[in-house]
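Protein chains in written order, with numbering that gives the first Met the number 0: chain L, 0 to 543; chain H, 0 to 163; chain G, 0 to 39.
Don't read these hints as lab results, they were simulated from the structure.
Don't take each hint at face value.
[Unchecked claim] Cβ-Cβ distance ranges computed for the label pairs, FRET-style:
1. L:L467 - H:E162: 51 to 61 Å
2. L:A94 - H:Q89: 51 to 61 Å
3. H:I11 - G:S34: 26 to 36 Å
4. G:S34 - L:D498: 45 to 55 Å
5. L:Q278 - G:L24: 24 to 34 Å
6. L:I512 - G:S34: 41 to 51 Å
Heads up, the beta-carbon is just placed ideally off N, CA and C, and yes, glycines get one too.
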Amino acid sequence: MFKTSNKLAAWNIGLGMAALFIGGLFGPLQKLEHAGINLYTSLQNLGIASYYQGLTLHAVLNAIVWTTFFIIGFFTFVIPHSLKRELTNPKLNIAAFYIMVVGLVMTAVPILLNLATVLFTFYTPLMASPFFYIGLTIFVVGSWVAGWGFFATYITWRKEHPGQPVPFLAFGAVITMALWQIATLGVAVELLVFVIPWSLGWIEGTDPQMNRTLLWFFGHPLVYFWLLPAYLSWYGMVPKQVGGKLFSEPMARLVFWLFLVLSVPVGIHHQFLDPGIPQRWKLLQFGFTFALFVPSLLTAFNVIASLEIGGRNRGGTGLLGWIRALPWDDPSFTAQNLAMILFAFGGISGLANASYNMNLALHNTTWIPGHFHLTVGSAVTLTFFGIAYWLVPKLANKPLWNRKLALAQAWTWFIGMILMSNGLHALGLIFQAPRRSMLGAAPYASGEWQPLLIESLVGGLILGVSGLLFYANMIGTVTQKKQAPAPIEMPVAEPYRNDPSPAWLHTWRPWLITAAVLILVSYGPVLTYLFANMELTSPGFKLW
Amino acid sequence: MHIDRRERNFIIASIVLMFVFAVFILVSSFVMKIQVPQAPVPLGRVNPNTVATPGVSPWGDPVEERLRQVGPNQYEVYILGQAWSYQPAQITIPKGATVTFYVTSKDVIHGFDLQGTNINMMIIPGQISTLTATFDTPGEYKFICNEYCGIGHQTMFGTLVVEP
Amino acid sequence: MKDKYKVPEGTIALLVIFILLIIILWGNVFLTLLSRGATG
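Using the sequences and the hints given, assemble the complete structure.
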C-alpha cells in the first residue's frame, strides 16, 4: 500500500544525508583553522576558495538541505503510515521532490563557483549571483508543494473519517508543514520583492534593515520546523520504543498548537542589537519569546514522564533507577535520549539569547554556534540519526548493519558535542570571541583563547569521527545482501490515559486565527514602520 | 482536559520562572540602563553611499576630528565601519570618560563589539548605531567586527585606549 | 498489561535538577552582563 510513499521517502532522506555528508566535512576544517591549523590553502586546489565559502556550504547544506529533505522524507513516510492510507496525490509529492532538486542545484552551483559566499543568512547588501536567490526560492516552493500534498492527504482522511481525531503522528506532521507555510512567507517576500530584483539589476538599491527583518520573520520558525519532527518522534514514537506510553497525549497536541501560534511572532529576538528597530517591538517580541519557551518545558515533562513509564515497565525501580532500565542497547533510543540531554543545555543557552539585553553579552560571539550545535546539531540531527536507525532498515528492508557501531556513533556524538559546544559557549561568554570568523588568522585573537579553541577542536574532531560511523552504518545497511528477518514496523506510542481530549484540540480555526492575530500584532506595526522608513540605497557588494 | 496535578504545578512553576527572569531583565535594562541599540536615533538616518564624503556628515570629517569632547569627561565618537577596518581605528580617552559611540557603515553589515563592555551593536548601512559607556579602568580595549563582511572580516578591529 | 496510573516521581526529580541548572546557568550569564556595565 505504501510503495510509492516509501520510495519517495527514501529518496528525500538519502539526498538529505548526502548533503549532510558534504556539509559536515567542513566542520572539522573550521575547528582546525580556529586552533591555528589552516587547511584551506591546500583546499584551493580542490576548488574551495576560502574558509567563508566552506562556511556557506557547511550551513546551507546542513541547516537547509539536510534538514528539509530529511523532514519531508520522514513525513512522506509517517503520514501515510499514521493515517493508514497512501498519499492522495503522489504525483504532487514527486513533483515537489524534483522542484526541490532543481532549486538545490541552482543554489549549489553559485556557491561552489564562489559566487555566493554570503553565508546561509545571505544578509544584504552582500550580493550573490541571482541564481543563488532564485534557486533558494525554487527550493522553498518545492517544499510548499510537498506540504500541499500532505494537506490534501490529511483533508481526504478527515472526509473519510468524519468526527474522528487525527492520529497524533499525522497531526504533528501536518502542523509542522502548516507552520513552515506561514514562516516561509517572510523569506519569500524578502527574495521575491527585494533581493532577486536587486540582484538582477531591476532595482538599484536595497534596504538591509528591512531585508534582515523579513529574513528573521522566517528564521525563528525555521528552527521549529527543524525541532517539531524531533518532538514528534520523542512524543509519538520513543515511548513505544522504550516499552512505555505517552504520558499525556492531549498536552502533546496542545504543545504542537502552541508552536503553530507562537513560533512566528518572535523573530526580532535575533535582532535585539539592530539599530533600525524601535524598542517597543523588541520588548513585545521578547515577551512572546519567553512564552514560546513554555511549550518546550512542557515537552520536557511529558517526554521524561513517558520514558519513566517505560523504564518502570522494564523493571526499573527507585527515584532514578528506572533510567538504567531503559533500552540503552537500542541505538535508536540511545541516540534520541542523548539528543534530549544535549537539547536541555541548548534550550538554556537559547533562553539566554531570548533575554532581550542579555544579547549584549552574547550576540555574534561563538556562544551562538555553541547554542545551535546543541539544538539543530544535536536535538534535531542526532534524533534524526536515531530515527534513521530504524527507518532506513525499514525502507531498505534490511537489518541495521552494525548495532554496536550505531551505539558508538551516538555516544561519540554526545561526547564530541559536549566538548565542542562547551568550548564555544565559554569562548563567547568569557572572551567575546566572534563567530563566523577565521579566528586562526585574526590579529585580535588572544592566547587566552587557545585552551578553549583546543577543547572545541577535540570535540569537533570526535564529531567528525562520529559522523563517519553514521555513514558507514547507513551505507553498510543499504548495500548488504541480508534481508530483514521480519518486517520493521513504525513505532507508534499509545496514550497512557484514555480520557477524551477536548474538541478545541482538534479544530484548526481558532488556532489559525490566533496565529494570524499574533503575527499581525507583533510584525504588522514594525514592518509598516520599516516600510515607511525604507531607503533603497545600498548597492550590492561582492567582498570575497 | 485532564492535566496531572504535578504537570500543572510544573507549568505554573515554569511560567513563574519566566516572569521572574523577565523582571530581572527589565530592571537591568531600564533601571541599571544596560540597554540595547534602538530606533529612532536623534541623528536620524544616513545614506551609506555619501556618508563618508567630507562635509556631508560627521563620518566624513577628518579622522582626527571624529572624537569630540562635549563636556567635562563626556565624549562622542563617530566611527565609520567599512570592509575591513574602522575609522578611526584607534581612539584614546582619559580614565573616567563617558563615551557615546555613533557607528555606521558605508558598505555592508558589520558588527561592533567592544571587549569588556556591553557595547555590542549591529552596524547596518543607512542606520546609525549608538550606545554609551563609562571607562573607569585604564587599559586597551579592542572593538571587533562580529558579523561576516567578506574575505577580510577576521582582520577588522580597532583599539580604544583608556589612559590612566 | 494494564498500567496503574503512577506518579512520575523520577520525572519531577529530573525537572527540579533541570530548573536549578537553568537558574544557575542563566544567572551566570546575567551576572556577566551586569559586570560589563551600563550602556545608556
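Do the hints match the structure? See the list:
| no. | hint | in the structure |
| --- | --- | --- |
| 1 | L:L467 - H:E162: 51 to 61 Å | 54 Å, holds |
| 2 | L:A94 - H:Q89: 51 to 61 Å | 59 Å, holds |
| 3 | H:I11 - G:S34: 26 to 36 Å | 32 Å, holds |
| 4 | G:S34 - L:D498: 45 to 55 Å | 50 Å, holds |
| 5 | L:Q278 - G:L24: 24 to 34 Å | 27 Å, holds |
| 6 | L:I512 - G:S34: 41 to 51 Å | 45 Å, holds |
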